[in-house]
Amino acid sequence: MIYSRPRSQKIRWFLLWVVLPISLLSIGLALSVVQTYRQQVSLLSLIQNHSSNLLHGDLNIPLYQHQKIGGEFIASENYLGIVSVRFKTFLRINDDFLRFRIRQASDSAWFYQAAYKVDQFQPDALFPFGFPVVENSQGKKFIFEIESTQGQVNNSVAVSSQFPSFVSIYKFPRRAVLGDLDQIEFTSWKRTFPPTYNNEKAPQSFFRY
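Quick note on our numbering: the sequence shown kicks off at 1 and runs consecutively.
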């Protein structure tokens, strides 16, 4: 006698083993893409983590009006386009504007600066400061500065010492990745899909094309 499953069991099996896994996979991919765009990191970007040792100023302490935090790093690749800094919000919505500015160490003038309202900052999260991509950034030293314009008691943010305190992000154009693969060598990097910024001991990926 051949046993045949009732129709209701077939439907339940189909939903459990076909529809549900596909739905979960689709949701996971969608969340990954959303996270990538929220971090303003494209799929053709690479990131480099930096510790608080490269920052100058008081970390984890509120930035009040006209107080500054400085930082410096050497770009390991071309196409530098974002510096993301980790902030503490003290679990509140603050009403301040931070002025971000950046320049090459060899220059006296800032090549980019802009003000950002801090009410969009998330607790202990990296906030991206984007600027015009520097195509020939590899091997060059960059200096950046963050200044509070309105910070005051109970209405201010702080730069966090949690690793990485900041990251530099390199936004490769499609032509550089697809048109010249044999000339590009990526070492000691993590791909950003999505970017994981909080694991100090995570193994680094090595790419050689």
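No lab work stands behind these hints, which were simulated from the structure alone.
You may find that some hints are simply not true.
Below, computed lysine-lysine pairings styled on BS3-like, alpha-carbon distance capped at 25 Å [as the list claims (entries may be wrong)]: (1) Lys-68 x Lys-88; (2) Lys-171 x Lys-141; (3) Lys-140 x Lys-171; (4) Lys-68 x Lys-10.
Results of checking the hints against the structure:
Between Lys-68 and Lys-88, the direct Cα distance comes to roughly 15 Å. Compliance with the 25 Å bound is thereby established for this hinted pair. This hinted pair checks out: Lys-171 and Lys-141 have alpha carbons roughly 17 Å apart, not beyond 25 Å. Our distance criterion of 25 Å between C-alpha atoms is met by Lys-140 and Lys-171, whose separation comes to about 16 Å. Of the supplied pair hints, the one linking Lys-68 and Lys-10 is violated, its CA atoms being roughly 65 Å apart against a limit of 25 Å.
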